[in-house]
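Asker: Next come the chains, spelled out residue by residue.
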Amino acid sequence: MRSSRKAGESAASDQIPKLSKELCHRLLQDLERARRPVLYATKCSLDNALYNHRVGYLTPGDKKVATELNVSSVKKMSRAIFMLEILLRNIDTGAVNTKRELYYISKGEIKHNPLLKPLDFSDQPESDATIDFICEMLECYREELNCYANDRGGQTYSQQLVVTETLPDGDTAVIDLSKLGTSPFQPKNRPQSLKLTARKKIDFCLIIESEGTANTLVANGFTKRHNCILIGAQGVPSNAVRGWTKLIQDQLSVPLYFFGDLDAYTLQNIYRTLKAGSAASLIRNSDYSAPEVRFLGVLPEDIKKYDLNDYPVRESDAQEGRALKKAADALKNDPFFQDKRNKGVAQILKWLLEHKRRCEQQAYFTVDPRDPTMPEKIIVDKIKRGNYV
Amino acid sequence: MTTSKKKADQAEQEQAKEIARSSKASNKITTSSTAEYFSKNLQQVGFSSQIKATLTTLKEAVDNALDACEEHGILPEVHVTIEKMGAGSIKNSDQVKIRVEDNGPGIDPDDVPKVFGEYLASSKFGRGRCSRGQQGIGISAATTWAQLTSASGAKVMTRTKAMRKAVSCVVEVDIKHNRGVVKNRETIDGYRPHGTTVEFLFDGRVQLNGEAGLLSYLSGTTLVNPHLTLHYKVPDMELQTIERVSASMPEVPEATEPHPHTMKLGEFIAHSHLFGRVKVGAWLKRGFSRVTDGTLTDLIKGGMKASLLEKSVDSIHEAEFKELFTAIQNLQLLAPSTKSVLAIGEDALAKSIRRLGAVDFFSVVTRKPTICDFKPVQVEVAIARLEDRSIDPDSPVQVLRFANRVPLQFDKSACAIVQALTSVNWRSYGLAQPKESLPVGPYIIAVSVVSPFIKFKNASKETIDASDELVEEIRRALIQAGQKLSKHIRREEKANELEEKIRHIEQFGPILVQGICRIIEAPDSRRLKAEEGLRKLLGRDAEVAEQELEQAHSRLEAQKEKERERQPVVEAIEEGVLQEE
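Taken in sequence, the protein lines are chains A and B.
Each residue of the first sequence is one higher than the one before, counting from 1 in my numbering.
Each residue of the second sequence is one higher than the one before, counting from 1 in my numbering.
No wet-lab data here; the hints were simulated from the structure.
Don't take every hint at face value.
Just so you have them, the derived chain A footprint on chain B, three or more residues with Cβ under 8 angstroms [to be verified]:
1) 222-232
2) 494-508
3) 533-546
With a Cα cut of at most 20 angstroms, we get these calculated SDA-like pairs of lysine to any residue [claimed, not checked]:
4) K117/A - Q507/B
5) K188/A - Q234/A
6) K18/A - K264/B
7) K382/A - E354/A
8) K76/A - R540/B
9) K332/A - E354/A
10) K76/A - R535/B
11) K75/A - K117/A
12) K264/B - Q332/B
13) K279/B - T292/B
14) K536/B - A34/A
15) K76/A - E497/B
16) K117/A - E531/B
17) K279/B - F325/B
18) K201/A - N227/A
19) K21/A - S525/B
20) K111/A - E531/B
21) K75/A - E497/B
22) K111/A - P510/B
23) K76/A - E506/B
24) K412/B - G430/B
25) K529/B - V38/A
26) K536/B - K43/A
27) K117/A - L333/B
28) K76/A - T292/B
29) K117/A - P510/B
30) K76/A - D30/A
31) K75/A - P114/A
32) K117/A - E506/B
33) K529/B - K382/A
34) K264/B - L331/B
35) K76/A - P510/B
36) K117/A - R518/B
37) K75/A - A542/B
38) K529/B - Q29/A
39) K76/A - Q507/B
40) K21/A - P523/B
Glycine included, C-beta positions come from ideal geometry on N, C-alpha and C.
Using the sequences plus the hints, can you model the full thing?
Answerer: Shown next, in the form of structure tokens:
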């Protein structure tokens with residue numbers, strides 16, 4: 001079967017049952033005619049990723065992965081149809097589950113219907129792979145199948161932001177972030193049902209790589225002194241962080257800045273994912289990337305300017321060595337870093353490869369160890385002077 | 001000074017002189033007999049532990065029986081009895097009785113003390129034949145061990161065809177003089193027409209199972225001796241009989257003289273002593289293989305004095321020996337003849353391997369004789385997959401190593417055979433193999449190396465020295481056997497694949513169609529039609545699998561046909577054995 005949707009065009013959640021039924025109809029028709037059904041899924045890898053600065057995020061190319069129904073794939077297909085039935089039931093009733101829960105639900109189904117015994121999953125990776133396969137077939141992401149991961153990262157602080165959430169039963173909930181005290185607002189993995197308004201004009205949104213540093217800035221009064229939104233990314237941004245940032249960009253039209261470590265890993269895995277999405281999520285980058293995010297720092301010139309403590313990359317460390325190798329590959333093959341509009345970040349990557357040094361975001365605390373607001377002052381100063389990439 | 005005091009002083013001086021004399025005497029270099037040497041170093045010849053002592057004693061007795069039968073063209077029938085007779089005198093040992101009886105030619109009573117009680121008394125020493133025994137050490141060492149641990153020598157009964165009655169006696173080793181001493185000699189009635197029975201009572205321990213076990217030795221021996229009928233009774237087991245599967249005697253090729261390029265100077269000189277007063281030229285021609293008149297001419301052309309070749313070999317000096325030796329080493333000589341090696345043969349191996357237990361399939365390879373390190377060598381390999389599924393599929397294959405048809409059971413890792421085995425990539429033949437290790441699975445891999453000059457790592461002949469050339473030759477044999485075996489495995493894999501595919505179709509087809517129909521709420525009529533369509537579809541896959549199986553089958557059949565053409569006997573034997581079974 002060939003998907004009827006255009007590449008990169010994601011399914012709206014109400015379309016999932018329709019698309020699933022279409023898929024099943026085609027399968028059945030092919031089978032009735034003793035014809036071998038072939039399923040095509042978008043190839044989600046860097047060699048099928050395109051980048052256009054006007055679009056702003058990585059989009060899928062024309063490459064497809066074909067799965068033909070044969071003796072070897074019949075088990076995989078049977079499991080996919082079995083799991084799809086469970087997921088469609090969830091969409092119908094509005095129930096949501098994690099992957100782990102779906103694993104146990106499938107176990108329960110098999111327990112109550114011994115005829116399904118051959119489909120039994122021996123462990124969770126098997127059922128996870130089946131869910132991923134369904135997503136690839138329908139070109140949707142699992143949140144659209146009501147399968148959610150736990151909400152991680154994206155804790156948000158603001159004195160101006162008001163969030164209105166439309167609940168599944170149609171009710172709305174209004175959350176005024178200024179009323180939460182020191183508690184953050186936790187965005188959902190699928191933040192599309194949220195509406196954002198500002199009580200006062202918001203000047204900027206700052207996304208900080210370290211959750212701890214975000215907390216420190218808030219505790220020291222950052223959000224009181226500035227009309228802003230402050231988000232802690234907690235490392236590699238989850239769907240919640242990515243979707244939430246996109247929502248802020250689209251609904252509030254405020255400048256967005258990312259502040260994190262100066263190293264290859266942060267630039268490729270955190271900043272690029274936040275700004276333009278990832279190769280693995282080509283089919284959902286449209287909803288999960290905020291192309292307007294700028295890289296505020298740490299910039300290479302900040303090291304000299306503020307006399308920051310930096311240190312050499314330990315190439316013997318497997319993770320750091322891998323990040324450097326990946327950075328070299330990215331400069332050659334990643335369309336995001338190859339685009340002229342992203343020359344600034346590409347140059348930082350080159351600098352990192354050349355100098356093999358890194359500097360952490362917390363290094364701003366060395367500038368004036370007795371002034372706890374010094375990092376805040378530097379950040380605000382950088383925004384004011386346009387010292388970002 | 002008084003007279004009495006003088007006398008006392010004199011006595012003191014005498015005493016001092018006596019002490020000096022006696023201390024001088026203790027520093028005197030003495031020579032000890034060969035028997036003394038071995039009695040103190042029995043660990044060097046296979047008696048390093050109680051378990052090994054039992055195995056070595058059995059091995060030496062059986063080897064001698066088989067060699068004797070082969071020498072005289074008698075199909076061997078050997079009876080082995082191993083009994084535990086109670087606690088031994090050594091701590092944690094048993095008193096073990098081993099009795100080996102053969103139908104061989106028997107031993108002339110005058111030779112009995114030499115055979116069982118004298119070291120280095122051998123009919124085979126340095127003869128360059130592929131016999132099991134070579135030096136005449138083993139059985140005398142067994143007698144010594146029995147004598148040292150339980151104060152009893154070897155009890156021997158023997159009768160040759162020429163004797164009216166059999167002779168029974170006990171042979172002990174006179175360790176001081178390396179001589180066999182016969183005791184309790186008597187003639188007995190009722191013994192077999194010809195044959196020898198030897199019985200040892202000694203301290204040892206009986207280990208039946210495992211690679212170093214007695215059963216492994218016995219089954220290995222039957223594998224490489226298809227013409228042997230073996231009866232054995234070991235502790236905790238009923239009497240077992242393994243019938244011979246071949247009625248043809250292996251033809252032990254005539255001995256070859258040593259090749260000069262395989263010798264060291266010392267050996268070269270020692271070799272000359274066997275010839276006494278003969279001219280050097282004649283000694284070279286008679287005493288070595290591949291030395292001809294042409295070789296002698298070449299020696300002279302190369303600067304050797306012609307007069308040296310005319311001298312008597314017992315009159316030339318060491319410097320002259322050295323000159324001669326170096327000159328010969330520098331000459332181009334023909335490689336030694338390979339006629340002296342003895343193979344079991346693919347047909348006999350194919351028959352014999354079935355005696356190890358029920359096998360699914362097997363492959364056997366007999367390489368052509370070749371020269372490794374200037375010595376003629378022939379390598380044979382037999383690989384069988386056992387039917388026994390209780391064997392842990394992840395345990396290494398059972399390796400049976402043989403040197404001149406004697407099982408090797410110790411010091412596996414250093415052996416040329418094991419090194420060759422681990423160097424082969426068995427995965428390409430369908431066997432699982434961890435990196436740089438032996439393959440795993442329910443297989444037996446038997447490798448036999450036959451050569452009149454096998455280079456062992458030690459005197460107890462437990463490990464074949466791993467020279468590059470020999471390892472490569474064994475490796476080639478293993479690869480050939482692996483290729484043959486892979487055709488069996490491939491066919492089995494294809495059969496399993498087909499079975500799996502059919503099972504898949506039956507299991508998943510209806511589930512898939514029913515699931516689709518439930519989602520789109522399709523009527524039963526559509527479900528039935530789709531199920532039929534799916535069966536057709538997957539049936540086509542199964543047909544492809546069937547064709548692949550067919551191809552694998554025909555490849556295997558083609559291989560068998562080729563083997564039949566080359567060795568018509570194999571098939572006849574296989575059929576015969578199966579019918580008998």
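Asker: Evaluate each hint against the coordinates.
Answerer: Tested hints:
Coverage of the stretch 222-232 of chain B by chain A is violated in this model, with 0 residues showing a Cβ closer than 8 angstroms to a Cβ of that chain against a need of three. Only when three residues or more bring their CB closer than 8 angstroms to a CB of chain A does the claim for the stretch 494-508 of chain B stand; here the count is 5, and the claim holds. Counting residues of the stretch 533-546 of chain B whose beta carbon lies closer than 8 angstroms to any beta carbon of chain A gives 8, which meets the minimum of three for the stated coverage. Restraint check for K117/A and Q507/B: the C-alpha separation of about 9 angstroms stays at or below 20 angstroms, so the hint holds.
Only pairs whose Cα atoms come within 20 angstroms are accepted, and K188/A paired with Q234/A is accepted, the gap being roughly 14 angstroms. Our distance criterion of 20 angstroms between C-alpha atoms is broken by K18/A and K264/B, whose separation comes to about 90 angstroms. Between K382/A and E354/A the alpha-carbon distance is near 25 angstroms, which puts this suggested pair outside the 20 angstroms criterion. Simply put, K76/A and R540/B have alpha-carbon atoms about 19 angstroms apart, close enough for the 20 angstroms limit, and the pair holds.
Taking the CA atoms of K332/A and E354/A, the gap is about 15 angstroms. The hint holds against a cut of 20 angstroms. This hinted pair checks out: K76/A and R535/B have alpha carbons roughly 17 angstroms apart, not beyond 20 angstroms. The straight-line distance between the Cα atoms of K75/A and K117/A is roughly 12 angstroms, inside the 20 angstroms bound, and the hint therefore holds. As the CA atoms of K264/B and Q332/B are separated by approximately 17 angstroms, the hinted pair is consistent with the 20 angstroms bound.
As the CA atoms of K279/B and T292/B are separated by approximately 14 angstroms, the hinted pair is consistent with the 20 angstroms bound. Between K536/B and A34/A the CA atoms are separated by roughly 6 angstroms; this keeps the pair inside 20 angstroms, and the hint holds. In summary, the hint linking K76/A to E497/B is supported, as the alpha carbons are separated by about 17 angstroms, within the 20 angstroms threshold. Of the pairs offered as hints, the one joining K117/A and E531/B holds, with about 19 angstroms between alpha carbons and a cut-off of 20 angstroms not exceeded.
For the proposed pair K279/B and F325/B, the alpha carbon gap of about 15 angstroms is at most 20 angstroms, so the pair holds. The suggested pairing of K201/A with N227/A holds, with an alpha-carbon distance near 7 angstroms, which does not exceed 20 angstroms. Distance hint between K21/A and S525/B is fulfilled; the C-alpha atoms sit about 18 angstroms from each other, no more than 20 angstroms. Proximity of K111/A to E531/B is assessed by CA-CA distance (about 24 angstroms); at most 20 angstroms being required, the pair is judged violated.
Distance check on the hinted pair: K75/A and E497/B sit about 15 angstroms apart at the alpha-carbon level, within 20 angstroms; holds. Note on K111/A and P510/B: the hinted pairing holds, with a Cα-Cα distance of about 18 angstroms set against a maximum of 20 angstroms. For the hint pairing K76/A with E506/B, the CA-to-CA distance comes to about 15 angstroms; that is within 20 angstroms, so the pair holds. As the CA atoms of K412/B and G430/B are separated by approximately 24 angstroms, the hinted pair breaks the 20 angstroms bound.
About 19 angstroms separates the Cα atoms of K529/B and V38/A, which keeps this hinted pair within 20 angstroms; it holds. Restraint check: the Cα-Cα separation between K536/B and K43/A comes to about 30 angstroms, which exceeds 20 angstroms; the hinted pair is violated. The suggested pairing of K117/A with L333/B is violated, with an alpha-carbon distance near 74 angstroms, which exceeds 20 angstroms. Of the supplied pair hints, the one linking K76/A and T292/B is violated, its CA atoms being roughly 76 angstroms apart against a limit of 20 angstroms.
This hinted pair checks out: K117/A and P510/B have alpha carbons roughly 13 angstroms apart, not beyond 20 angstroms. Using a Cα cut-off of 20 angstroms, the hinted pair K76/A and D30/A holds, with the two alpha carbons roughly 17 angstroms apart. For the suggested pair K75/A and P114/A, the alpha carbons sit about 16 angstroms apart, so the restraint of at most 20 angstroms is met. Straight-line distance between C-alpha atoms of K117/A and E506/B comes to about 13 angstroms, which keeps the hinted pair within the 20 angstroms bound.
Of the pairs offered as hints, the one joining K529/B and K382/A is violated, with about 70 angstroms between alpha carbons and a cut-off of 20 angstroms exceeded. Straight-line distance between C-alpha atoms of K264/B and L331/B comes to about 15 angstroms, which keeps the hinted pair within the 20 angstroms bound. Between K76/A and P510/B the CA atoms are separated by roughly 14 angstroms; this keeps the pair inside 20 angstroms, and the hint holds. Between the alpha carbons of K117/A and R518/B the distance comes to roughly 18 angstroms, so the proposed pair stays at or under 20 angstroms and holds.
Between K75/A and A542/B the CA atoms are separated by roughly 15 angstroms; this keeps the pair inside 20 angstroms, and the hint holds. Using a Cα cut-off of 20 angstroms, the hinted pair K529/B and Q29/A holds, with the two alpha carbons roughly 10 angstroms apart. Taking the CA atoms of K76/A and Q507/B, the gap is near 12 angstroms; set against the 20 angstroms cutoff, the hint holds. Annotation: proposed proximity of K21/A to P523/B holds, straight-line Cα distance about 15 angstroms (limit 20 angstroms).
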